[in-house]
Structure formats: structure tokens, C-alpha cells
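Chains as they are written, first to last, in the working numbering: chain G, 1 to 503; chain X, 1 to 116.
One should not assume that every hint holds.
Stated by the list, open to error - Examples of chain G residues toward chain X, derived with CB under 7 Å: (1) Met186; (2) Ala198; (3) Tyr199; (4) Ile386; (5) Leu389; (6) Ala392; (7) Leu484; (8) Pro486.
Said to hold, decoys possible - Derived Cβ-Cβ restraints for the label pairs, each shown as a range: (9) Ile23(X) to Ala219(G): 48 to 54 Å; (10) Glu92(X) to Gly421(G): 51 to 57 Å; (11) Ile23(X) to Ala449(G): 43 to 49 Å.
Stated by the list, open to error - If you want the footprint, here are the derived chain G segments under chain X, 3+ residues with CB under 8 Å: (12) 173-182; (13) 291-300.
Note that these hints are calculated values from the structure, not bench results.
Think of the CB as a built atom: it goes at the ideal place given N, C-alpha and C, for glycine as much as any other residue.
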Amino acid sequence: MRVNLLGHAVDQGVLLVLAVFVPFAGVMAGLAAGGAHARRIAWLTLFCGGCVVVAIAWIVTSSETPLGYSVGGWSPPLGVALRADGLSVCMMLMVAVVTVAVGVYASGDFGQGGKGESRSGLVFWLLLLAVWGSLNLVFVSRDIFTLYVALELLTFAGVPLVALDGRAETLQAALRYLLFALAGSMLYLLGVFLLYGAYETLDIVLLSARIDGQPETWAAIALMTSGMLAKTALFPLHLWLPPAHAGAPAPASALLSALVVKGSWFILVRLWIDAFLGVVSGPFVQLLAAMGAMAIVVGNLVAIRQQRLKLLIAYSTVAQIGYLFLLFPLAMSPQDSRQAIAGGLMQAISHATAKAAMFLSAGVLYGVLGHDRMADLRGAGQASPITILAFALAGASLIGLPPSGGFLAKWLLVSAALDTGQWWWVLLLLTGGLLTGIYVFMVVVRAMAPAAPDWTPQRRVPRCQQYAALGLAMCSFLLGLSALLPVDVAQIGRAPVHAIGGS
Amino acid sequence: MNATQFFGLTAAALVGLGLYGLIVNPQPLRKVLAFNLIGNGVFLTCAVIARRATGAGMPGDPVAHALLITAIVVSFAASSLAVWLMLRGLDESGASSLADDDSGDVSRNAEPGRCA
């Protein structure tokens, strides 16, 4: 589609390039301008990039067709194509919202820029933009090699976020995370080469038409999937996640836990739902979901036993990642994949907003109390009631209470499971919600206990930080109302053969 | 055995050795070297695939070559980031093993209260 801009005919698809280009241009500008200006440049970039994302979302939802662009006018199989369908648009909007909220919070931490703070402040703002740009690239890529590049960019942006404060433990957590991530991306890359060798294309759309069950295809699927599982930290490959996510500063934890793990999950969805749909089936998707089930049970149980709030939230991420993988067996069923895909997408979005809100709340509580020991949270509710409200609302979304996004996600997954006769996943979803409830209530009840009589808060936390957490929690809590939207955004750009089926 | 099979098997052996080294060794430097070994195996696979184009009278498949160069650059950057993290860790703690606090068992690091 072409529009007229200042007398030139411009392809609307160029917006997809801008969604990736603007954040990285911001990184370069911030790097050149240095510490004092980094925050202003980051906000300018967030504003421009946000406008681009909203424009893409508007075009795709109003025309109900995916937006595509061939870079340099070369179309696949030789060129590199970008494409934004309904899934990409939802994820891009979510990432933009979370990034802006984390930016608001970080303005309190890294904004003033005292002498010692300015360097980690500069690095944080650049990495924030880099995470955002690489995630946008993940969402709009249409070929598996661009996905590899996006994934590596995401790793390089995520790993330094872990080690932002430069303590020995966090450096070690970052190194461990990096090694897991590198092993994962090498396996993925081997899969990419095998697929290119077998089918002579890297384009996902062409690949899905050509793919068949050759041995090298199976090898490639296995390699790419296990690589992505290591990066997404699905049980039992989750060992790197809790120290890395719990050790980072609060806004960095929020970015890592809410957004970065979703990048590699999204690639798996793209591969399994779009590229490999013709060949993967039965036992393999059940295996993926069984690992997700183990993640839900183990992650939740270990979370309940944690002594520190940030570790508790990190283990809760391990558990919530499990839900994301229930999408696969439900979406592969021959009847109707619509509910399952919408449910998985909703889970990704509601978890991202809720988990970012939780980590930001934990950051505020850390500021107020001076520690995050679970046994000693009392008084937090008095000192910062807004934060406890944010934590409780985010927790309600993770548990799945109506009208939260988590409720809608579980509702969709449960109905998809019942429709396809896979009742065992329903039991799992209900148990998971119950276990999540235990640790959310544990935190809220302890934080609401009255403070000791002579106790005073360690530090006044800026209002903007408390409202950033509350805003994200409200997003997550009210997300369930998106069921009332007139358009089924997730289905835009899905081939009708997956969409009509059994309805 | 023809050349393609030979290179393919070599690539598989490199990836296998690298994976073994990555999982078994607790020292980060060895892990980074093992990662590079996996990388070499993967790149060799790509080079073998690129070589198939010689059948069509071309010197090699340019698309595969482009992928290969990109991947080598990315993995070089990854290695240097890993080495930098290792050196910083060494400066901060004086220990160069990922296992100094948990004797090789990564999972024990995830015990409650051990890290925050």
C-alpha cells in the first residue's frame, strides 16, 4: 500500500523498518552524546518509536491485513522481507507500553545522574532502547536468519543489563546467562543452516510451503527448539534465570523478566505455528507442554519457599513461562487454533505487564525498606500503599482473577483444552493458579502488617516510580476487557486454513 | 567417503565436542572455547552447504557465504563479551570459576537466599 507524503509516494511498509531503525538510531545518538543527554535522547526515541508502533498497529487493525515490506525492493527468496501480522502488532504494542513504563521508573533511579550514577545511567538508557529495537526486529522478521540476528542483538542487550551494578555475583549471573544464551543461539543457527541446505530458502512463508518430514528437517526442528528453550528458560533449562533476573537493578529486572524472555518464545511460536505447522504433531507438542507443566509446578513451589522478594518474583517468571508453552498442543489441534493462539498471546502480554509491575514494586519496596527479605516486609503497606496495590493487582492477574488479562488468557486456554479433549491441561491451569495465589497473598499479607512503632522508611521513593508500577498493574488487570474488542487482532494475517477448521 | 560427507562428519564431531565441553567444564574460559568449537562446527556446515553451488558452475553459494560471514562476526562479538565479563568477574572476586561457590553444580546456586 502506498501513501503520498510530501509529494513522494511512500510504501507504508517502511514503518516496519522505522520500528527497528528508530530505537537503534537512539542508541547511536545516545552513545555519541554521552551521559548527560542520554535520558533526553532516550525519551525522544521512545516518543518517536511509540508513534511508529501505534501507526503500524492502526494500519494493520484497520485494514485487517498484515503489513509487509521487502528491504531494498528485493523480494524473497533472495531478499529479506519484513511482515507485521496480528501477533506482531499485539506484541509490539505491549513492548512499547512496558518500555515506556520502565523508562518512567528509571527516570527516578538513573535520571538525576549524580557523579557515580551517570555511567550506569547512560548504559541503562542505551540498553533499554537496544532491547526495544531488537524485540521489534524479532516481531517483524519474516526470515529465520534475521530472527537469529535479532536474537543475538537481544542477548547482547540483555546480558549487560544483568551486570549493571558490576558486583561479582551479578557478573557471574550475567556470564552464566550469556553462556546459556550463546549455546542456544548456536544450536538455532545450526538449525537455520540445515533448513537452508534442505529447502534453499530462509523465508518463513516459503519454508512453510516447502517443508516436509525429511531427517534433516527433524534435526533442524530439534536443534532450533532446544536452543530457544534454553533462551526462554523453560524448565529444566531455567537455572540461569533466577540469579540473573533477581540480581539486576529493578528496572533492568523488569525488562529482562517481562520482555527479553518473550523474544525467544515468540520465535518458537513463529516457527511452530507458521513454519513447521505441516510436520510437527502429537507427541512433540505434548512434550513441549509437559515441560511447561513441570515449569508451572516446580517454579511455583520453589517460589513459595523463597526468602527474598526478588527471587520469589524471578521463580514466578519460571512458572509463568510454563503457561506460555501450553499454547503449542492446543494450537496444533486440527479443529480450531484460534482460542489457543489468542490465549497464549494474552498470557504473554498479561504476564509481561504484570511481571514488570511486580519487579518495579519490588524496587520501590527495596527503596522503602532497605532490603527485600520476605520475613521482614511489615510496614511496607503503610509507607507505600500504592505499591502494595500495584503488587496485588499484578498478582491478581498472574493468579487469573477476573477481569484481569491472566483470567482471559486462562479462560481461553481452558476452553481450547476442553474443546480439543485435553482435559489434563485444565487441571494444571487450575493448580497453577492456586499455587500462584499462595505466594501473592503471602507477600501482600506480610507487607500489610503494621510497622514497628519507631520505624521510618529508609528513603522517600519518587511518586513517578510508584505510579509507573501501578500503571502497568492496571494495564494487566484491565486487559481482560480486551475480549470486548470488535476485531480478533491475533488472527490478522493467519492463513484461513488454521482459522476456520472446526468452528 | 566423499569430501562433503567428510566435512559434514567433521562438523558434527566439532559440535558434539563443543557441546560436551560446554556442559562438563566449570571454568568459564573453557566454556567460551567450547562455544567457539561449536561455532566452528556450525560454520563448517554452512561452508559445506555453500560448496554445493559449485555443481552449477559457480564458485560457491553467495547467500550461504553472506550468512556465514554475519554469523562469524556475531560469534566473535559474543566471545569478546564473554571474555570481558570473565575478566571483570576476575577483578571483582578473584575467582575465575563458575563453580567456585557450588562445586560444579549450577542448580545449587538456585537455593533460597544464596543469591539476590
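Hint check results:
{"no.": "1", "hint": "Met186", "result": "holds, 5 Å"}
{"no.": "2", "hint": "Ala198", "result": "violated, 9 Å"}
{"no.": "3", "hint": "Tyr199", "result": "violated, 11 Å"}
{"no.": "4", "hint": "Ile386", "result": "violated, 24 Å"}
{"no.": "5", "hint": "Leu389", "result": "violated, 25 Å"}
{"no.": "6", "hint": "Ala392", "result": "violated, 23 Å"}
{"no.": "7", "hint": "Leu484", "result": "violated, 41 Å"}
{"no.": "8", "hint": "Pro486", "result": "violated, 43 Å"}
{"no.": "9", "hint": "Ile23(X) to Ala219(G): 48 to 54 Å", "result": "violated, 19 Å"}
{"no.": "10", "hint": "Glu92(X) to Gly421(G): 51 to 57 Å", "result": "holds, 55 Å"}
{"no.": "11", "hint": "Ile23(X) to Ala449(G): 43 to 49 Å", "result": "holds, 45 Å"}
{"no.": "12", "hint": "173-182", "result": "holds (count 7)"}
{"no.": "13", "hint": "291-300", "result": "violated (count 0)"}
Going down the numbered hints, you'll see the structure goes against 2, 3, 4, 5, 6, 7, 8, 9 and 13, while the others check out.
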